[in-house]
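Visitor: The primary structure of each chain is shown beneath.
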Amino acid sequence: MFEIRLGEQGEVVMTGRLDAAQCDKALQFMDSVPAPRVVDLAGLDYVSSAGLGVLLKTQKRVMAGGQGLRLINVNKHIRDIFKYAGFERIFEIVPAGS
Amino acid sequence: MHRATSTAVGLRAEALLQILEVTRKLAAPFELTEVLAEIGEAARSVLRGERATVWLFEPEQGVLVLTGQAPGEKPIRAQLSQGVLGLTARSRQVINVPDCKREPLFDPTVDLDVDNDVRCMLSVPLVERSTLVGVLQVVDSENGSFSAEDERVAETLAAQCVVFIQRERMSRSLAQAEKLDREIKLAREIQMSTLPSEMPRLAEYDMAGQFCPADQTGGDTFDIVPLDERRLFLLLGDASGHGIGPALSATQMTGMLRVALRLGADLDAIFAQVNNQLVEDLPEEHFVTAFFGVLDVVDHTVQYHAAGQGPLLHFQAATGVCKWLSPTTYPLGFMKYPQIEPPLQIELAPGDILGLITDGVFETENPAGTMFGTEGVEKVLRARHEGSMSDLLARLLQAVHVFADGHSQADDITIVLLARRGEVAGRTTVQRYFARSLDSLDPMFRFVGDFISARSLDAELHMPVCFIIEELFTNFLKYNAESTQDISLSLGHTPDQLTVRITAFDVEPFDVTSAPAVDTTKPLAERQAGGLGLHLVQQMADTLQYEYSERRSMITFTKALEAG
Numbered sequence: 005m006f007e008i009r010l011g012e013q014g015e016v017v018m019t020g021r022l023d024a025a026q027c028d029k030a031l032q033f034m035d036s037v038p039a040p041r042v043v044d045l046a047g048l049d050y051v052s053s054a055g056l057g058v059l060l061k062t063q064k065r066v067m068a069g070g071q072g073l074r075l076i077n078v079n080k081h082i083r084d085i086f087k088y089a090g091f092e093r094i095f096e097i098v099p100a101g102s
Numbered sequence: 027m028h029r030a031t032s033t034a035v036g037l038r039a040e041a042l043l044q045i046l047e048v049t050r051k052l053a054a055p056f057e058l059t060e061v062l063a064e065i066g067e068a069a070r071s072v073l074r075g076e077r078a079t080v081w082l083f084e085p086e087q088g089v090l091v092l093t094g095q096a097p098g099e100k101p102i103r104a105q106l107s108q109g110v111l112g113l114t115a116r117s118r119q120v121i122n123v124p125d126c127k128r129e130p131l132f133d134p135t136v137d138l139d140v141d142n143d144v145r146c147m148l149s150v151p152l153v154e155r156s157t158l159v160g161v162l163q164v165v166d167s168e169n170g171s172f173s174a175e176d177e178r179v180a181e182t183l184a185a186q187c188v189v190f191i192q193r194e195r196m197s198r199s200l201a202q203a204e205k206l207d208r209e210i211k212l213a214r215e216i217q218m219s220t221l222p223s224e225m226p227r228l229a230e231y232d233m234a235g236q237f238c239p240a241d242q243t244g245g246d247t248f249d250i251v252p253l254d255e256r257r258l259f260l261l262l263g264d265a266s267g268h269g270i271g272p273a274l275s276a277t278q279m280t281g282m283l284r285v286a287l288r289l290g291a292d293l294d295a296i297f298a299q300v301n302n303q304l305v306e307d308l309p310e311e312h313f314v315t316a317f318f319g320v321l322d323v324v325d326h327t328v329q330y331h332a333a334g335q336g337p338l339l340h341f342q343a344a345t346g347v348c349k350w351l352s353p354t355t356y357p358l359g360f361m362k363y364p365q366i367e368p369p370l371q372i373e374l375a376p377g378d379i380l381g382l383i384t385d386g387v388f389e390t391e392n393p394a395g396t397m398f399g400t401e402g403v404e405k406v407l408r409a410r411h412e413g414s415m416s417d418l419l420a421r422l423l424q425a426v427h428v429f430a431d432g433h434s435q436a437d438d439i440t441i442v443l444l445a446r447r448g449e450v451a452g453r454t455t456v457q458r459y460f461a462r463s464l465d466s467l468d469p470m471f472r473f474v475g476d477f478i479s480a481r482s483l484d485a486e487l488h489m490p491v492c493f494i495i496e497e498l499f500t501n502f503l504k505y506n507a508e509s510t511q512d513i514s515l516s517l518g519h520t521p522d523q524l525t526v527r528i529t530a531f532d533v534e535p536f537d538v539t540s541a542p543a544v545d546t547t548k549p550l551a552e553r554q555a556g557g558l559g560l561h562l563v564q565q566m567a568d569t570l571q572y573e574y575s576e577r578r579s580m581i582t583f584t585k586a587l588e589a590g
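Top line first, the protein sequences correspond to chains W and R. Residues 5 to 102, numbered by this note's numbering, are exactly what the first sequence covers, in order. Residues 27 to 590, numbered by this note's numbering, are exactly what the second sequence covers, in order.
Read the hints as simulated data drawn from the structure, not as lab findings. Do not rely on the hints blindly, as some may be mistaken.
As the list claims (entries may be wrong) - DSS-like mimics (lysine-lysine), calculated; alpha carbons at most 30 Å apart, straight line: (1) K64/W to K87/W; (2) K61/W to K80/W; (3) K548/R to K87/W; (4) K61/W to K87/W; (5) K64/W to K29/W; (6) K504/R to K64/W; (7) K127/R to K100/R; (8) K548/R to K585/R; (9) K51/R to K205/R; (10) K80/W to K585/R; (11) K61/W to K548/R; (12) K504/R to K87/W; (13) K80/W to K64/W; (14) K504/R to K61/W; (15) K29/W to K61/W; (16) K100/R to K205/R; (17) K504/R to K548/R; (18) K585/R to K504/R; (19) K80/W to K29/W; (20) K87/W to K29/W; (21) K548/R to K80/W; (22) K504/R to K29/W; (23) K548/R to K29/W; (24) K100/R to K51/R; (25) K585/R to K87/W; (26) K548/R to K64/W; (27) K349/R to K405/R.
Model the full structure from these sequences, guided by the hints.
Guide: Here it is as structure tokens:
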């Protein structure tokens, strides 16, 4: 189960499992948000490389406008994957609980 | 006695015309008896004899038969050793007897001299391509004896007659075969209509059953009847014989079973009574092999009688062993059982499978003459026992089909499979197949989650293991899209290591371990999403191995388990 929506402060909220079966839905949503700034991953249990691709693509678009994505409330597992993927060099990552 | 050797040349014009007339008459459709009467009459008239008879040869009994001349009259049978008649049949030559009284071989009983007044005889074999069809005999009590020309006339007439006798016999057997075909087809439809239309749904159990009729004969049947909340009756039967009989016997047995169950009869009583009835009804050489069993879904037992039906398959999941059980007694329909032994019992542990399989499966032959056998069943079962029973059944039928390699199906094939679900005790490896679709990701993740929690393994492993599996699985979908075969996922563990194996079938090789490394330190503008997945797999797996053989790609990876 995967859900994506806008939160109260205009942040993108992702919950559930972002796998290859869900990445089209995620990308469509991200593309529909003109200038996303914050992605809240507190409820995200899982992300696969297809999901990483969605974040990468969105980051490229946002940075072209001189901005950047903040990934907040990132749990340990997903932080590990971000680390392996070299995401800490590309995104501002805020771990859960900090 | 004089054996004729002449050929049919230079016949008198009158005789030729008469023979042609007979030919014309016989060209119209006739019953065989009419054909014979017509031939006899023609021979008598052409050869100016007093009486003519046509004997037909019955190759199966090796005798000559003269059908009744008048309605209700019994046919007369003669051995090939008897009389001039027999000699004609044996030698296949025309025999001209000028004076029957002086001929030692002449036998009034078969050479038909009832009134003891026959003077001369012409005995002509009816032969088609050296095959004996019958004998034509013409006798006379006056006019001296038959001439050499008469012999040639008789031979010419005989040659014509053979054609008509054979035509008549052939069309008769064709008509009979057509009628039999229609009857068999109808009986088969009735037989099919008695099969259960769907499998009962039971908690903890998975069932599948299928009947695949052979083209012509066969008498397989099966039935599954819920008795009450916890018990289910299982029947599998295979009636012997050819033609319409087996289908009828199979149908009769299902009918008897249904009635007996309605009357509340128990397993032993049903078994004994169905046998008694079949003993009364079946022809002596026919019988029915059958499995009668009752599954108890609370005790997880099957009590059964197997009358000549076997081997029965009991797959034991805990050890992975296929146990083949023998019949408990001789087939139904031979004779009454002097006493009914108590039923035997199979205990079904979680993961166990009971397989009721008719001999059509085991005895399927390939063109080299090798049989599918129990080995063929075991091979499929070992690879597919974790899946649904309907899937296993389909795989078995497919394996039989592939094995037969175009050899036609000689016998009915029936398979009933019953599996008890649940975690297999003491097992450290589980395996399941998943369709080539992204929709499989969810059930795959649940499969991994169930495995980890059922064995109290480190829950932290769930996420990275699922990650690696998803990357490898989607990789197979992307790079081996030409294959239609499901992908196998197996999970196993020792105290210190979790091992995962993912296998794709009927694919070209694609070595994931040699995927190029991705430079994750590059700035974003130079980063691509592609290739990242396999790069991460290599990072996250403790070990990663790739093997390729027989068009199958097998990837195995491990993750260390914390001690304790």
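Visitor: Give a verdict on every hint.
Guide: Hint by hint, here is what the structure shows:
no.	hint	result
1	K64/W to K87/W	18 Å, holds
2	K61/W to K80/W	23 Å, holds
3	K548/R to K87/W	14 Å, holds
4	K61/W to K87/W	18 Å, holds
5	K64/W to K29/W	18 Å, holds
6	K504/R to K64/W	25 Å, holds
7	K127/R to K100/R	28 Å, holds
8	K548/R to K585/R	28 Å, holds
9	K51/R to K205/R	28 Å, holds
10	K80/W to K585/R	18 Å, holds
11	K61/W to K548/R	15 Å, holds
12	K504/R to K87/W	26 Å, holds
13	K80/W to K64/W	25 Å, holds
14	K504/R to K61/W	20 Å, holds
15	K29/W to K61/W	14 Å, holds
16	K100/R to K205/R	27 Å, holds
17	K504/R to K548/R	26 Å, holds
18	K585/R to K504/R	25 Å, holds
19	K80/W to K29/W	25 Å, holds
20	K87/W to K29/W	25 Å, holds
21	K548/R to K80/W	24 Å, holds
22	K504/R to K29/W	19 Å, holds
23	K548/R to K29/W	28 Å, holds
24	K100/R to K51/R	27 Å, holds
25	K585/R to K87/W	18 Å, holds
26	K548/R to K64/W	13 Å, holds
27	K349/R to K405/R	13 Å, holds
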